[in-house]
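S.K.: These protein sequence lines map, in sequence, to chains V and U. First residue of the first sequence: 0, per numbering that gives the first Met the number 0; consecutive thereafter. First residue of the second sequence: 0, per numbering that gives the first Met the number 0; consecutive thereafter.
Accuracy of the hints is not assured; some may be wrong.
With a Cα cut of at most 20 Å, we get these calculated SDA-like pairs of lysine to any residue [as the list claims (entries may be wrong)]:
(1) U/K24 / V/K282
(2) V/K282 / V/G108
(3) U/K24 / V/F150
By construction, these hints were calculated from the structure, which means they are not laboratory data. Since this is a predicted model, take the numbers as computed values, not measurements.
The lines below spell out each chain.
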Amino acid sequence: MLTFTIRRLLTAIPTLLLISLVIFLLVDFAPGSPMSDIPLTVPPDVRQKMMEAMGADQPVMVRYLLWLKQFFWTEPLYGIDAIFGTDFAQGAQRIISWQSKVPVFRIIGERMPQTLTVVGTAYAVGVLIALPIGIYSAYRQYSWFDQAGTFFAMAGFSVPTFFTGNLLILIFSVKLGWLPTIYDTTLRVTDWASFYKMVMQMAMPVTVLALFNAAEISRYTRSSVLENLGQDYVRTARAKGMTESTVLLKHVLRNSLIPVVTVIALGLPTVFGGAIVTEQIFKINGLGAALIGAIHVSDLPTVQTLTFIFAVLIVMFNLIADILYGILDPRIRYD
Amino acid sequence: MTDATQSQKPRSQWFAVWHQFRQHKGAMAALILLGALVFFVLIGPLLWRIDPNFIEPNTVKMFKLRNNPPSFDHPLGTDQLGRDILARMMFGGRISLAVGLVAMLVAIFIGTTIGVLAGYFRRADGLLMRFTDLFLALPLLPLLLVMMMLFSEMVASVLGPRLGTFLLIVLAIGVTSWMQSARVVRGEVLALKEREFVLAARSIGTPNRRIILRHILPNVLSPVLVAATLGIAAAIITESVLSFLGLGFPPDFPTWGRLLYDGIDSIRTYPERVVWPGLAISLTVLSVNYIGDGLRDALDPRIRGR
C-alpha cells in the first residue's frame with residue numbers, strides 16, 4: 000500500500016509541473032506580456048522588485064522557473080513565517096495582486112473559508128441526497144421511483160446552475176421574501192440567532208450546488224448497485240435466508256460504494272468550478288468571486304495563482320481518489 | 000418467390016437503430032421538443048420580421064417603447080432599450096445552437112483524431128493518453144475564463160467583435176472538451192484493431208491510412224455519435240456560463256446566456272427576462288441529453304433487439 004501511495008504521489012508531481020507550465024505559457028503568450036502591463040498605480044520600487052522577481056528580460060524558461068520558485072518556495076516560506084513567527088523569507092518578493100496591492104495568498108486566505116463552507120456543505124448535502132436515491136432506484140429498477148430519479152438526474156445536469164440559482168432567488172427572495180439574496184460574509188456564528196441567519200443565507204447556494212452534485216452521484220450509485228445486485232454473492236446471501244435489508248445495506252452497499260467513493264472524491268474539483276458561478280449569483284465573497292473580479296480588471300498575478308490553485312485542488316483530489324480506491328479495493332493496488 | 004425474397008430483404012442498420020430509438024419515450028419526446036425549438040429559432044425570424052437590435056432612433060418614441068409589457072406588437076414585451084424580446088430570443092437561440100454545434104464538431108474532430116491515433120499506433124498510445132490525462136486534470140472553467148480574458152480583444156480587433164468572439168469561444172470550448180471522446184474512441188479502436196476484417200485488410204496490403212478511413216472510422220461512428228450529441232449539450236452550457244459571467248458575446252450579438260445575464264439586473268421588476276432564456280437553455284440541453292441517452296441505447300447492439 001505504501002509503495003502504491005508513493006508511486007501515485009510521484010506521478011502527481013510531473014502532472015502539476017506540466018499544468019503550471021500550460022498556465023504560465025498561456026498567460027505569457029497573451030498579447031502584452033504581464034510585466035509590460037503592470038498598472039502605473041504600482042509604486043516604482045515595488046515594480047522594480049516585481050520585475051526582478053519574475054526576471055522580466057530573461058528567456059521564457061528562466062521566467063517560468065522564477066515563477067515556480069515564487070509559488071513553491073517563497074510563498075510557503077511566508078506561510079511558515081506567519082504560523083511560527085520565524086523569518087525565513089527575509090523580505091523576498093511575494094506574488095502581489097495588481098488590483099489591491101496585497102499578496103495574492105493573503106487574498107486566498109481571506110476568501111477560502113467562505114468557499115469551503117458553502118462548497119463543503121453543498122457537497123455533503125448532495126451526497127446525502129444522492130446515495131439513498133441511487134440505492135433505492137437500483138433496488139426497484141424501472142419502478143416509478145426509478146423513472147422519477149432518472150428524470151431528476153437528467154434535469155440536474157441539464158439545467159444550468161445559474162438558472163436554478165436565479166429561479167430560487169425569484170421564488171424565495173423576490174416573491175416570498177423568505178431568504179436573503181446576498182450572502183453576508185462578515186456574519187459570525189455566535190448564538191442561535193446568528194446561526195439561524197447563517198442557515199437562511201446558506202440555504203439557496205447550498206441547494207443549487209447540492210442538486211447539481213446529487214444528480215451525478217445518484218446515477219453512479221444506481222449503476223454500481225445494479226451491477227452488484229446481479230452478483231452471485233447476493234444470491235448466496237439471500238439463499239442463506241438473510242433479510243433483504245441486510246443483503247442490501249450490508250453486502251451490496253459496501254461493495255457498490257467503492258467506485259462511488261472515488262467518484263465523490265473526483266467530483267470535488269468540479270464543485271469548485273461550479274462554485275465560481277454560484278458565488279457570482281449569490282454574491283458570495285469567495286475564491287470564485289475573487290477569480291472573476293481579477294479577470295474583469297486583468298489582474299494577471301491573481302488570475303494565474305488562482306487558476307493554479309484550482310489545478311492543485313484537482314490533482315490533489317485525483318490523488319485522494321486513487322489512494323482511496325487502493326485502500327478500499329485491494330485488487331487495484333497490484334497493477 | 001420474388002415476394003419471399005423481397006420480404007427477406009435485410010433491413011438497413013439505421014432502420015433498426017431508428018426502430019429501437021422510437022422505443023425510448025423520453026428520447027422521442029425530447030426529439031419533438033428539440034424540433035420545435037429549432038423551428039422556433041430557424042424559421043421564427045422569417046415569420047417574425049423585427050430586427051433584434053433595432054433601437055428606435057426617435058428618442059421620444061424610444062422612451063415609450065422601453066420596458067413594455069407583453070402586447071400584440073411585442074408578445075414577450077420589450078427590454079430596457081425598447082428592443083423586441085421575442086426577436087432577441089430567436090436570434091440568441093441561433094447563436095447558442097450554432098456555438099453548440101460548431102464547438103462539438105471541433106471537440107469531436109480533435110477527440111477522434113487523438114483517439115484513433117492512440118488506439119491504432121501503439122507507439123503513440125502512451126504519449127497521447129498522458130496528454131489526455133493532463134487535459135483532464137486542468138481546471139477547465141478558470142482556464143476558459145483566462146483564455147477569454149487574454150485573447151478576446153486581440154481576436155476581436157483582427158476578425159471583428161462578432162466573428163472573432165464566435166471563433167474564440169468555439170475553439171476554446173472545443174479544445175477543452177475533447178477528452179472523453181478521445182478515450183471512448185481509443186477503447187473502441189483497440190478492440191477493432193484485432194478483428195478479422197482489419198487483419199484481412201492488412202494482409203492484402205492496405206496502407207494504414209486507408210484501413211483507418213475505410214474500416215476503423217465507420218465502425219467507431221456510433222460511440223462518436225453519442226459523444227457528439229452529449230457534446231452539443233455541454234458546449235451550450237459552457238457558452239452560457241461564459242456569457243453569464245460576462246466573458247462571452249457582446250450585448251448586440253446576444254446568446255441565450257447573454258440575454259439571461261442582461262436580464263439579471265432587472266430580475267425584481269421583470270423576472271421573465273431571466274426566465275425565458277433560462278428556460279430555453281434548460282429545455283434545449285435537457286432534450287439533447289435525452290436524445291443522447293436514447294441514441295446510446297439504440298446504437299448498442301446488445302440492447303437493440305434484432
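S.K.: Would you check the hint for U/K24 and V/K282, treating anything up to 20 Å between C-alpha atoms as holding?
M.R.: Violated, because 40 Å separates the two Cα atoms, which is more than 20 Å.
S.K.: Starting from V/K282, check that the Cα of V/G108 is at most 20 Å away, please.
M.R.: This hinted pair holds, its Cα atoms lying about 18 Å apart.
S.K.: Next pair to validate is U/K24 with V/F150; report whether the Cα-Cα distance is within 20 Å.
M.R.: holds (12 Å)
Hint compliance for this structure: hint 1 alone is broken.
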